[in-house]
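Residues per chain, in single letters:
2 protein chains.
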Amino acid sequence: MKKYSIGIDIGGTNTGFGLVDCEGKIIESLSISTKNYFDYKIYLDEVAKNILFLIEKCPNKELIQGIGIGAPNGNFYKGTIEYAPNLNFIGIIPVKEYIERILSEKGFPLKVTLTNDANAAAIGEMIYGGAKNVKNFIMITLGTGVGSGIVIDGKVVYGNDGFAGEVGHTIVQPEGRLCGCGRRGCVETYSSATGIKKTALELIRETDTKSCLRSLPEEEIGGRSIYEAAKQGDKIAIKCFDITAKMLAVGMANAVAITSPEVIFLFGGLTKAGDLLMIPLKKYFEESLFVVFKNKIELRLSDLDENNAAILGAAALPF
Amino acid sequence: MKKYSIGIDIGGTNTGFGLVDCEGKIIESLSISTKNYFDYKIYLDEVAKNILFLIEKCPNKELIQGIGIGAPNGNFYKGTIEYAPNLNFIGIIPVKEYIERILSEKGFPLKVTLTNDANAAAIGEMIYGGAKNVKNFIMITLGTGVGSGIVIDGKVVYGNDGFAGEVGHTIVQPEGRLCGCGRRGCVETYSSATGIKKTALELIRETDTKSCLRSLPEEEIGGRSIYEAAKQGDKIAIKCFDITAKMLAVGMANAVAITSPEVIFLFGGLTKAGDLLMIPLKKYFEESLFVVFKNKIELRLSDLDENNAAILGAAALPF
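Respectively, the protein sequence lines represent chains X and L. Just so you know, we're using our numbering here: the first sequence kicks off at 1 and counts up by one. Just so you know, we're using our numbering here: the second sequence kicks off at 1001 and counts up by one.
With the rest of the complex left out, here is chain X:
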């Protein structure tokens, strides 16, 4: 008899839900906006409502093994989201406790397992993607922020308090740009969707370089429009990808020096830019690597479908 689980991917913009079977098939999925919620209780009530909806869709409710959640700054040990810079909810959010209580009240005492969204993607890559036979790898997710999941000897690294794997919040330019986390020069403040937008706005403001981006209203400048412009040879847009790649390369090279992986998988919206990102990224990455690692680390785009990777990874947690 097939077993089931529910995987949830909490992102800064949207929250995706999937009812998944043990073979990784998504039976039913749905999505809600994350950024429209400002009170975590109202948000988690809505999350629970959608879980209950998916439970009702399951061919055999008794065989649901649990709920898996991937979330920014997710704490695996405590089941909390803590100080996530890209969410509207401030402080420590007791996600596991809150949702388990509601589900229990509704007659479904299911266990909730929560981890960092990038750790969930790394687990998805291990189980369903390109990392099936890779024991040491890093998963980098380029979304609203920059997440990462570190796998050593086939196991996700959680560290002492469940927060290991924050390559996005390593500092690569100590006197650099302010990050959402309050410090300066994190990888995330340059190499995320919000980071590349900041770079474009800075270059528009501080240079005279001609660019079709200048004619766009600020809210339309972002990963997609910068990509379209770069494809047409727009100098500012190309420079945006160059800076994104350079800062990410230093952060990745530092993570390599610490963990010595075989492969780095890249995943998320910005990777759709293909060579515009990957060519400068490979160049700067090799330049930034400590000599013993040069020409040894493979950079690969994730094998997983972007919409489902984090949901599948999260869904694998209860199994």
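Hints listed in this document are in silico derivations from the structure and should not be mistaken for laboratory results. Hints are supplied without guarantee of correctness; some may be wrong.
As the list claims (entries may be wrong) - Listed below are several chain L residues computed to face chain X (Cβ distance under 7 Å; list not exhaustive):
#, residue
1, 1181
2, 1250
3, 1255
Claimed, not checked - Keeping only pairs whose Cα atoms sit at most 27 Å apart, straight-line, the calculated DSS-like set for lysine-lysine is:
#, chain 1, residue 1, chain 2, residue 2
4, X, 41, X, 25
5, L, 1057, X, 155
6, X, 294, L, 1078
7, X, 155, L, 1197
8, X, 198, X, 132
9, X, 78, L, 1135
10, X, 239, X, 25
11, X, 296, L, 1155
12, L, 1041, L, 1002
13, X, 239, X, 283
14, X, 155, L, 1003
15, X, 239, X, 155
16, L, 1155, X, 155
17, L, 1002, X, 135
18, L, 1135, X, 155
19, L, 1272, L, 1235
20, L, 1132, X, 294
21, X, 296, X, 283
22, L, 1283, L, 1197
23, L, 1294, X, 135
24, X, 135, L, 1135
25, X, 135, X, 231
26, X, 49, X, 25
27, X, 155, L, 1002
28, L, 1132, X, 132
29, X, 35, X, 3
30, X, 106, X, 135
31, L, 1155, X, 132
32, L, 1155, X, 78
33, X, 78, L, 1132
34, X, 296, L, 1057
35, L, 1135, L, 1296
36, L, 1132, L, 1235
37, L, 1197, X, 78
38, X, 231, X, 198
39, L, 1049, L, 1003
40, X, 78, L, 1002
No residue lacks a Cβ here, since even glycine has one placed at the ideal position from N, Cα and C.
With chain X held as given, fit chain L onto it using these hints.
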């Protein structure tokens, strides 16, 4: 019956040898200069000669379990030293193979186990020092270079090719000072014994600040003289420790973001400066930490005797 092993600590300046019993008692030790050798074969012949000398000193030669070596850029999987910036030997040095052959020819077919010198110190700290009950920690060694050993879930992290744990060669200032490894802005080029000397020489050259260091010949400027001057309130000397601390703090905070340790142990010559290093280091470290890690990570000086930690750690490898 007591078992024995021989531990060897290869440093940029000296190579220390110890005949050690299974309880961590050093029965006989000796030291040779590393930096006086330029041909690795002549050096390894001398290393083998000293191993044979210690074998002869052992109360029961049959109970020697093997040879453990801690070395800069030591590759645990291959038994090689590869491209170590602080050694005179260029390229890949087949230490394990070379020494095992000599010992075998002399009638002692002992197994040689080699690891990074800082990994050896981390093992020493786990077995004989302050990390006995700590499952997740980082050992930072401040010597000629900056080494590090990363322990996750009680195991030293070697990574895919045996080179994990190079916090000293993470980049904290991409356009910064040239490092011995050929790149710019590594932690090591600021926060090692050679790094603090470079800082002092720079400050002497580029500022007008009064300093007793100005009257010293260049070869006498180093960790010890800078420490003595700083104790007397010398502004340049104090600034040297401040810069050393600041750069190390960023590298440590980045390593925390990736591995989430409970404690960071500090070890080696520069730690003898005590508060002159540790007060600014703690301040910059907390400032540099990602919010979820603030006020959670303990900074501790190593419990181990500096002269013996790496030898004891190396000696623990064959057991």
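Each hint, compared with the structure:
1. 1181: It holds, given that the least Cβ distance between residue 1181 (chain L) and chain X is near 6 Å, below 7 Å.
2. 1250: This hint holds: residue 1250 (chain L) lies near chain X, its Cβ roughly 5 Å from the closest one there, short of 7 Å.
3. 1255: 6 Å, holds
4. X:41 / X:25: 30 Å, violated
5. L:1057 / X:155: Judged against 27 Å, a Cα distance of about 44 Å means the pair is violated.
6. X:294 / L:1078: 17 Å, holds
7. X:155 / L:1197: Between residue 155 (chain X) and residue 1197 (chain L) the Cα gap is close to 41 Å, so the pair fails against 27 Å, i.e. violated.
8. X:198 / X:132: 36 Å, violated
9. X:78 / L:1135: Judged against 27 Å, a Cα distance of about 18 Å means the pair holds.
10. X:239 / X:25: Between residue 239 (chain X) and residue 25 (chain X) the Cα gap is close to 40 Å, so the pair fails against 27 Å, i.e. violated.
11. X:296 / L:1155: The given pair, whose Cα atoms are some 24 Å apart, holds under the 27 Å limit.
12. L:1041 / L:1002: Distance ~33 Å between residue 1041 (chain L) and residue 1002 (chain L) Cα, so the pair is violated.
13. X:239 / X:283: 14 Å, holds
14. X:155 / L:1003: It is violated: about 34 Å lies between the C-alpha atoms, which goes past 27 Å.
15. X:239 / X:155: The hint is violated at about 37 Å.
16. L:1155 / X:155: Roughly 13 Å separates the two Cα atoms, so the pair holds.
17. L:1002 / X:135: 38 Å, violated
18. L:1135 / X:155: 15 Å, holds
19. L:1272 / L:1235: Cα-Cα ~19 Å, so holds.
20. L:1132 / X:294: Violated, at roughly 35 Å.
21. X:296 / X:283: Given that 27 Å is the threshold and the Cα spacing comes to 14 Å, the pair holds.
22. L:1283 / L:1197: OK: residue 1283 (chain L) and residue 1197 (chain L) at ~22 Å, within 27 Å.
23. L:1294 / X:135: 31 Å, violated
24. X:135 / L:1135: Distance ~21 Å between residue 135 (chain X) and residue 1135 (chain L) Cα, so the pair holds.
25. X:135 / X:231: 36 Å, violated
26. X:49 / X:25: Holds, because 22 Å separates the two Cα atoms, which is no more than 27 Å.
27. X:155 / L:1002: 37 Å, violated
28. L:1132 / X:132: Distance ~35 Å between residue 1132 (chain L) and residue 132 (chain X) Cα, so the pair is violated.
29. X:35 / X:3: 32 Å, violated
30. X:106 / X:135: 40 Å, violated
31. L:1155 / X:132: 23 Å, holds
32. L:1155 / X:78: Holds. Residue 1155 (chain L) to residue 78 (chain X) sits at ~23 Å (cutoff 27 Å).
33. X:78 / L:1132: Distance ~25 Å between residue 78 (chain X) and residue 1132 (chain L) Cα, so the pair holds.
34. X:296 / L:1057: With a Cα-Cα distance of about 43 Å, the restraint between residue 296 (chain X) and residue 1057 (chain L) is violated, given a limit of 27 Å.
35. L:1135 / L:1296: Answer holds: residue 1135 (chain L) to residue 1296 (chain L) is near 15 Å, not above 27 Å.
36. L:1132 / L:1235: Since the Cα atoms of residue 1132 (chain L) and residue 1235 (chain L) sit roughly 39 Å apart, the hinted pair is violated (cutoff 27 Å).
37. L:1197 / X:78: Roughly 45 Å separates the two Cα atoms, so the pair is violated.
38. X:231 / X:198: 19 Å, holds
39. L:1049 / L:1003: Holds. Residue 1049 (chain L) to residue 1003 (chain L) sits at ~22 Å (cutoff 27 Å).
40. X:78 / L:1002: Distance of about 45 Å is beyond 27 Å: violated.
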